[in-house]
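Student: In order, the protein sequence lines correspond to chains G and F.
Under this note's numbering, think of the first position of the first sequence as 944, with each following residue one higher.
Under this note's numbering, think of the first position of the second sequence as 944, with each following residue one higher.
Since the hints were made in silico from the structure, they are not lab data.
Hints may contain errors.
Identical copies carry no separate label here, and so any pair may be met within one copy or between two of them.
[As the list claims (entries may be wrong)] Simulated crosslink set (DSSO-like; lysine-lysine; CA at most 30 Å straight-line):
1. K1201 - K948
2. K1305 - K1038
3. K1352 - K1108
4. K1196 - K1167
5. K1289 - K1038
6. K1167 - K1333
7. K1316 - K969
8. K1038 - K1352
Protein chains: 2
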Amino acid sequence: MNLTKIDGGVTAAAGFEAAGCEAGIKYQGRTDMAMIYCRVPCAAAGTFTSNVVKAAPVLYDRHIVTDIGKAQAIVINAGIANACTGRAGYEICEKTAEAAAAILSEVHADRAPVSADQVLVCSTGVIGMPIPLDRIVAGTGKLARLTRADGGSEAAAAIMTTDTKKKEESFRFVLSDGTEAHIGGMCKGSGMIHPNMCTMLSFITTDAAIDQSLLQEALREDIKTTYNRVSVDGDTSTNDTCLVLASGLAGNKTITEKDEDYRLFCEALHAVNEGLARKMAADGEGATMLFEAHVIHADTAAHAGILARSVISSNLTKAAMYGHDANWGRILCALGYAGVDFDPEKVDLTLVSAAGTLPIVKDGVAEAYSEEKATLILSEAEVTVICDMKMGDAEGRAWGCDLTYDYVKINGDYRS
Amino acid sequence: MNLTKIDGGVTAAAGFEAAGCEAGIKYQGRTDMAMIYCRVPCAAAGTFTSNVVKAAPVLYDRHIVTDIGKAQAIVINAGIANACTGRAGYEICEKTAEAAAAILSEVHADRAPVSADQVLVCSTGVIGMPIPLDRIVAGTGKLARLTRADGGSEAAAAIMTTDTKKKEESFRFVLSDGTEAHIGGMCKGSGMIHPNMCTMLSFITTDAAIDQSLLQEALREDIKTTYNRVSVDGDTSTNDTCLVLASGLAGNKTITEKDEDYRLFCEALHAVNEGLARKMAADGEGATMLFEAHVIHADTAAHAGILARSVISSNLTKAAMYGHDANWGRILCALGYAGVDFDPEKVDLTLVSAAGTLPIVKDGVAEAYSEEKATLILSEAEVTVICDMKMGDAEGRAWGCDLTYDYVKINGDYRS
Chain G
944 MNLTKIDGGV TAAAGFEAAG CEAGIKYQGR TDMAMIYCRV PCAAAGTFTS
994 NVVKAAPVLY DRHIVTDIGK AQAIVINAGI ANACTGRAGY EICEKTAEAA
1044 AAILSEVHAD RAPVSADQVL VCSTGVIGMP IPLDRIVAGT GKLARLTRAD
1094 GGSEAAAAIM TTDTKKKEES FRFVLSDGTE AHIGGMCKGS GMIHPNMCTM
1144 LSFITTDAAI DQSLLQEALR EDIKTTYNRV SVDGDTSTND TCLVLASGLA
1194 GNKTITEKDE DYRLFCEALH AVNEGLARKM AADGEGATML FEAHVIHADT
1244 AAHAGILARS VISSNLTKAA MYGHDANWGR ILCALGYAGV DFDPEKVDLT
1294 LVSAAGTLPI VKDGVAEAYS EEKATLILSE AEVTVICDMK MGDAEGRAWG
1344 CDLTYDYVKI NGDYRS
Chain F
944 MNLTKIDGGV TAAAGFEAAG CEAGIKYQGR TDMAMIYCRV PCAAAGTFTS
994 NVVKAAPVLY DRHIVTDIGK AQAIVINAGI ANACTGRAGY EICEKTAEAA
1044 AAILSEVHAD RAPVSADQVL VCSTGVIGMP IPLDRIVAGT GKLARLTRAD
1094 GGSEAAAAIM TTDTKKKEES FRFVLSDGTE AHIGGMCKGS GMIHPNMCTM
1144 LSFITTDAAI DQSLLQEALR EDIKTTYNRV SVDGDTSTND TCLVLASGLA
1194 GNKTITEKDE DYRLFCEALH AVNEGLARKM AADGEGATML FEAHVIHADT
1244 AAHAGILARS VISSNLTKAA MYGHDANWGR ILCALGYAGV DFDPEKVDLT
1294 LVSAAGTLPI VKDGVAEAYS EEKATLILSE AEVTVICDMK MGDAEGRAWG
1344 CDLTYDYVKI NGDYRS
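Construct the complete structure from the given sequences, taking the supplied hints into account.
Tutor: Next comes the structure, spelled out in structure tokens:
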């Protein structure tokens, strides 16, 4: 394995700094804004929500990624999503980017000035509420002075909403010429999580040198089997955004074609994205466990993914997981309505967790298994159901969580 | 209006009898089997689940409706779904039908014998468990002796699972030659409710005389805007079934083409189906309210339906309804990921219930509305959100319910 897990999150790669601060956007007594800054302009790639209702920062960042393709900083706020805010919401993005560019240029007067059209802006939180312009500009100013090469964790904490845990991943990997490169990321996401095109908010940084168009393609492909395989509640957000910045400071020969280095880079990108995706599922609103569906021997990888995602999205299955009940009929049922054809009388189901492995269905009907053992397996923090379709050689995974009283409490009692 | 609401449910139409009994299939101390019987063979139509995993009775009834097109009795059990039970499950259906035909022929020896291939069989309950043959045959025998012309309500009670209320609807209507006809129905459904092709279990009877092929077509069209517009939890069942029996005993000239009488019949069928669909949504597992989405000024009726269904299916919106929170951002978000294009900056949202009418969003952004008034409106037992898309003249409705602690309790704590 060419990948070594390291610390650092979004500041693991060379050239990147980050920080979090209290800006009082909506939350009080906690950090709620973060900034990622790179000392050089980076190749920037991004994917965004497929929701017809797109938040202002999604429209703003899509323009930068598509038309500029470069970025040097990302400003993020939690608490207010800046969605359904009309023209005024878009102007908040513009003014935030202008403030960031001005102050970063002033603070780092020894370097080339930061261009306002190379600052990305992201928001997460309540839909419809306006972001106070004075507070977000003041927060941006503070952050520009605070970014540090070891600030990744601080930034990861500041972007949380109903998340209960920071979510970071980072790896070192070696390119074909022996260059050591780094890639790391952070994300947030707990409710309104059923990404389509991308996850809630996810930020990846790398020092590998890679062409912007290849970076975009690598990202676009990878989200299909990572973030797009996560569901907490079936609701695709208005703000889903995944951004990748590549600084090139590792010093490798720039990746410009789909060669061995591209493959190595994609492998590293996938490791970060899959790690973050799993963490997001495990920290779903109210969740007590990570629930993975692993579909094997499907006819195509796309079908395997659709089947796996249907299982982890089923409310009834998720409620059964919460009850540690091996209600396999609900799993078979969810496979059945996924929209993919298969022979139900061939399907095998097996439960796997740290507590053991238990075949529960063989050829579509129940095995004589022990309910006690099943409950024991389902009581672990991470549970996988293996669905053997016996059709071909393709496989796919998806990640979700259980459906709990706390999910209802979080979303029924409070305007989150 | 040509429709008059009457009592009677599935026994409102001439020729039909029904009964419920305690058969001890799985539940104890309550009725759990029902029978509908008609003194003459009826034209029989049906629609069934689109789930790839189809319960044995679905496969069995589909054969009868498609290949025979006539039926004289329906035997229904609650508690065990007879799904994922393989060949043995199908044999249970055959033996139940044989038993029903034999005993009904014996009890009604003055009439022509009931043919075993004119007995439909339906099941609802836990997936995967086998139905005890002796109990279902004994129950069938009891029911054949118990059916009465006023037994509709008794039957409606016996088919309940986690339902908290019987669901019946019936109407009298007048055909063009002055003939008085009747149509009535009952259904059950509370969890695993996200019908696709049809609802959980729904049974309609009418004395109107109508060709089987027209009856099938009328049903197939009508479920699109009734049962297929209901969602409790997004899970499409393995057992969804809707059956219609038409005895012809009203004495009208048989409806054989799409004339005025066909239109009148379709109107009556729709009234029964919509009434039952709404009752099913209102009695969703754990529900405290009926939540209706009414999409107006959409470009097409199909799009209106897709948008409406997306809103009532959103877990986040459903949780907000439970909290009586006018979290309109979640409603706009759910419209946005429905898969239909529209301009989010044109959408108006209005809340309506017995407590009043309140515009909350105008052209995609919040109105200055009173949160107190919104909470008052959302505290009623039936709430509608009107979504004005300002695109065209089409409209559509869908029905759901709130997402509550009790939904999680019902589905997490017990194998239901």
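Student: Confirm or reject each hint.
Tutor: We went through each hint and held it up to the structure:
{"no.": "1", "hint": "K1201 - K948", "in the structure": "within (24 Å within a copy, 70 Å between copies)"}
{"no.": "2", "hint": "K1305 - K1038", "in the structure": "between (60 Å within a copy, 26 Å between copies)"}
{"no.": "3", "hint": "K1352 - K1108", "in the structure": "both (19 Å within a copy, 26 Å between copies)"}
{"no.": "4", "hint": "K1196 - K1167", "in the structure": "within (28 Å within a copy, 59 Å between copies)"}
{"no.": "5", "hint": "K1289 - K1038", "in the structure": "between (59 Å within a copy, 25 Å between copies)"}
{"no.": "6", "hint": "K1167 - K1333", "in the structure": "within (23 Å within a copy, 34 Å between copies)"}
{"no.": "7", "hint": "K1316 - K969", "in the structure": "between (46 Å within a copy, 24 Å between copies)"}
{"no.": "8", "hint": "K1038 - K1352", "in the structure": "neither (36 Å within a copy, 48 Å between copies)"}
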